[in-house]
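Let's have the full structure, built from the sequences with the hints guiding it.
Protein sequence lines correspond, in order, to chains A and B.
Each residue of the first sequence is one higher than the one before, starting from 31 at the first, in the working numbering.
Each residue of the second sequence is one higher than the one before, starting from 63 at the first, in the working numbering.
Where hints are given, some of them may not hold.
[As the list claims (entries may be wrong)] Covered stretches of chain B, as calculated for chain A (at least 3 residues, CB under 8 Å):
hint, region
1, 244-254
2, 318-327
[To be verified] Some but not every residue of chain A turned toward chain B, in silico, with C-beta under 8 Å:
hint, residue
3, Lys-43
4, Val-46
5, Lys-56
6, Ser-59
[Said to hold, decoys possible] Have a look at the derived ranges for each label pair, beta carbon to beta carbon:
hint, chain 1, residue 1, chain 2, residue 2, range
7, A, Thr-42, B, Glu-453, 50 to 56 Å
8, A, Met-39, B, Ser-263, 58 to 64 Å
9, B, Pro-89, A, Met-85, 33 to 39 Å
10, B, Glu-453, A, Val-54, 48 to 54 Å
11, A, Thr-42, B, Gln-236, 33 to 39 Å
12, A, Val-54, B, Ser-445, 53 to 59 Å
13, A, Thr-42, B, Ser-445, 46 to 52 Å
14, B, Gly-351, A, Thr-42, 57 to 63 Å
15, B, Glu-453, A, Met-39, 32 to 38 Å
16, A, Gly-93, B, Ala-270, 42 to 48 Å
17, B, Thr-110, A, Thr-42, 43 to 49 Å
18, B, Gln-236, A, Lys-80, 33 to 39 Å
Calculated directly from the structure, the hints in this document are not laboratory data.
All C-beta atoms, glycine included, are put in the ideal place defined by N, C-alpha and C.
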Amino acid sequence: MTGDPYKDMKITKGAVAKPGTTLVNKTGSWRSEKPIVDNKKCIGCGRCAKFCPDMAIKETEEGKFEVDLDYCKGCGICAEECPVKAITMEKEDK
Amino acid sequence: MKKMLAGYDAVAEAVKACDPDVIPAYPITPQTDIVERISEMIADGELTSEYVRVDSEFNAASTAIGASAAGARIFTATCSQGLKLMSEPIFSASGMRLPLVLGIANRSLSAPLSIWGDHTDTFAERDGGMIQFYAEDVQEAMDNIALAYRVAEDKDILLPALSCLDGFILTHVQEKVDTFTQREMKEFLPERDPVHTLDPSNPTTMGAYARPEHWTETRYEVQRAVKRSKDKIGEAVEEFADVFGREYGLEHNGLLETYRTEDADVIIVALGSVCGTIRYVIDEYREKGEKVGLVKPRVYRPFPAEELNKVLGDAEAIAVMEKDVSLGYQGGLAIDLKSALYSNGSRIPVLNYIVGLAGRDVTKDVIKKVVEETKEMRGKDPSDIGLEEEERWEPLREELLPGDKDD
Chain A
31 MTGDPYKDMK ITKGAVAKPG TTLVNKTGSW RSEKPIVDNK KCIGCGRCAK
81 FCPDMAIKET EEGKFEVDLD YCKGCGICAE ECPVKAITME KEDK
Chain B
63 MKKMLAGYDA VAEAVKACDP DVIPAYPITP QTDIVERISE MIADGELTSE
113 YVRVDSEFNA ASTAIGASAA GARIFTATCS QGLKLMSEPI FSASGMRLPL
163 VLGIANRSLS APLSIWGDHT DTFAERDGGM IQFYAEDVQE AMDNIALAYR
213 VAEDKDILLP ALSCLDGFIL THVQEKVDTF TQREMKEFLP ERDPVHTLDP
263 SNPTTMGAYA RPEHWTETRY EVQRAVKRSK DKIGEAVEEF ADVFGREYGL
313 EHNGLLETYR TEDADVIIVA LGSVCGTIRY VIDEYREKGE KVGLVKPRVY
363 RPFPAEELNK VLGDAEAIAV MEKDVSLGYQ GGLAIDLKSA LYSNGSRIPV
413 LNYIVGLAGR DVTKDVIKKV VEETKEMRGK DPSDIGLEEE ERWEPLREEL
463 LPGDKDD
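Put into structure tokens, the structure is as follows:
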């Protein structure tokens, strides 16, 4: 997506927008902690991605999982849910 | 066709005639009989709606919103705590401009728990962009369902609408009503023609996110739509009268009705079923030659400010009798009425009677006392009375109140 889709957006009845408009809102900036995935421990079960409330965890080609830090808000649910403790939360340096 | 129906049966009959596509349902007294009756209609093959048995009122409202977003006509019903649980999603429905019609069997809010009726549940939804109809009798409760669909689904409106009837007093009373069939209803209520729909081949995002640069304007659009609904209600009652022969305040845009107000110097303003008893008391006063009248708003939102000014402008004193209180100030109807009157330059004194909470009977004697006290206000300026003196709980059983030192 190029440019800011909100720039000239008109109000429709019901604030209906094209899908994907909110991709420009990089909510990762809200984060105070970020998840670090240890791929050596990861068993590829995908619980982290299923539980992520922002769909910010995606499966990689190797069957592991990586966090999209543009949208991860640092809630820590993935670390809580990981059955092999492969995810740890680390303070963001800001 | 004339039938003897309980209020809940009549609402269910009206819903059947309006033929919704999806009905998510969750029980709560005294509404339960409405959705129970509808489930029987579907089981008996009289109605083909998709009936969704959900696990909470939150889910009922959310399912209704999802179905409405997909273009469906929907119905659900609730009251009291159930309406509170629906409240969060319904505020979204008005922002997303999704028409919903809800039957509300008005019931008080906890605590303490009560299953009996008053208007505190729907008045608490005042600011949510919902159209609110109030019925005086079973026939009006039934007809308001059809009017609610007609206005809510209008392309210029697209809002949730609450069609309210007093819990037990109307839901569980049997009255003779004129019913309508699906075929007759088609003359009055066109099929829903949605503006935006959820469609996988043409995806849209509804109500997802607005920045401060946009949000104010989206709310302003809802404000305009609710205000516009006044004229649409006016058009709808006219056409309703043409098709079904029953009239609801045609000369007041369908927003209110009057009873013996033409030359009245004392006027009572009240909503819903209590108006029946008030009419009776007014007749007694009229027989004695006393000029007392009634104004019955049929909708609370949009607020009929201009229409109220027109019918109340020549009164010398007004009593608002309402089954609601905005705790910390006065009753919601009185607050709004005074704002409408006094912004229009009026100085008519308004007394605010809090009555009939949680099903307490509003008797002829209570109404007579209200009229007698209001007569005393004639010739006074509101500032002679003052806010504290205006607010009267009738009756208030002071002997039940704890003393300041009691636990």
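Checked hints:
no.: 1; hint: 244-254; in the structure: violated (count 0)
no.: 2; hint: 318-327; in the structure: violated (count 0)
no.: 3; hint: Lys-43; in the structure: holds, 5 Å
no.: 4; hint: Val-46; in the structure: holds, 5 Å
no.: 5; hint: Lys-56; in the structure: violated, 13 Å
no.: 6; hint: Ser-59; in the structure: violated, 14 Å
no.: 7; hint: A:Thr-42 x B:Glu-453: 50 to 56 Å; in the structure: violated, 44 Å
no.: 8; hint: A:Met-39 x B:Ser-263: 58 to 64 Å; in the structure: violated, 23 Å
no.: 9; hint: B:Pro-89 x A:Met-85: 33 to 39 Å; in the structure: holds, 35 Å
no.: 10; hint: B:Glu-453 x A:Val-54: 48 to 54 Å; in the structure: holds, 52 Å
no.: 11; hint: A:Thr-42 x B:Gln-236: 33 to 39 Å; in the structure: violated, 46 Å
no.: 12; hint: A:Val-54 x B:Ser-445: 53 to 59 Å; in the structure: holds, 55 Å
no.: 13; hint: A:Thr-42 x B:Ser-445: 46 to 52 Å; in the structure: holds, 47 Å
no.: 14; hint: B:Gly-351 x A:Thr-42: 57 to 63 Å; in the structure: holds, 59 Å
no.: 15; hint: B:Glu-453 x A:Met-39: 32 to 38 Å; in the structure: violated, 47 Å
no.: 16; hint: A:Gly-93 x B:Ala-270: 42 to 48 Å; in the structure: violated, 31 Å
no.: 17; hint: B:Thr-110 x A:Thr-42: 43 to 49 Å; in the structure: violated, 32 Å
no.: 18; hint: B:Gln-236 x A:Lys-80: 33 to 39 Å; in the structure: violated, 53 Å
Hints 1, 2, 5, 6, 7, 8, 11, 15, 16, 17 and 18 from the earlier list are contradicted by this structure; the remaining hints agree with it.
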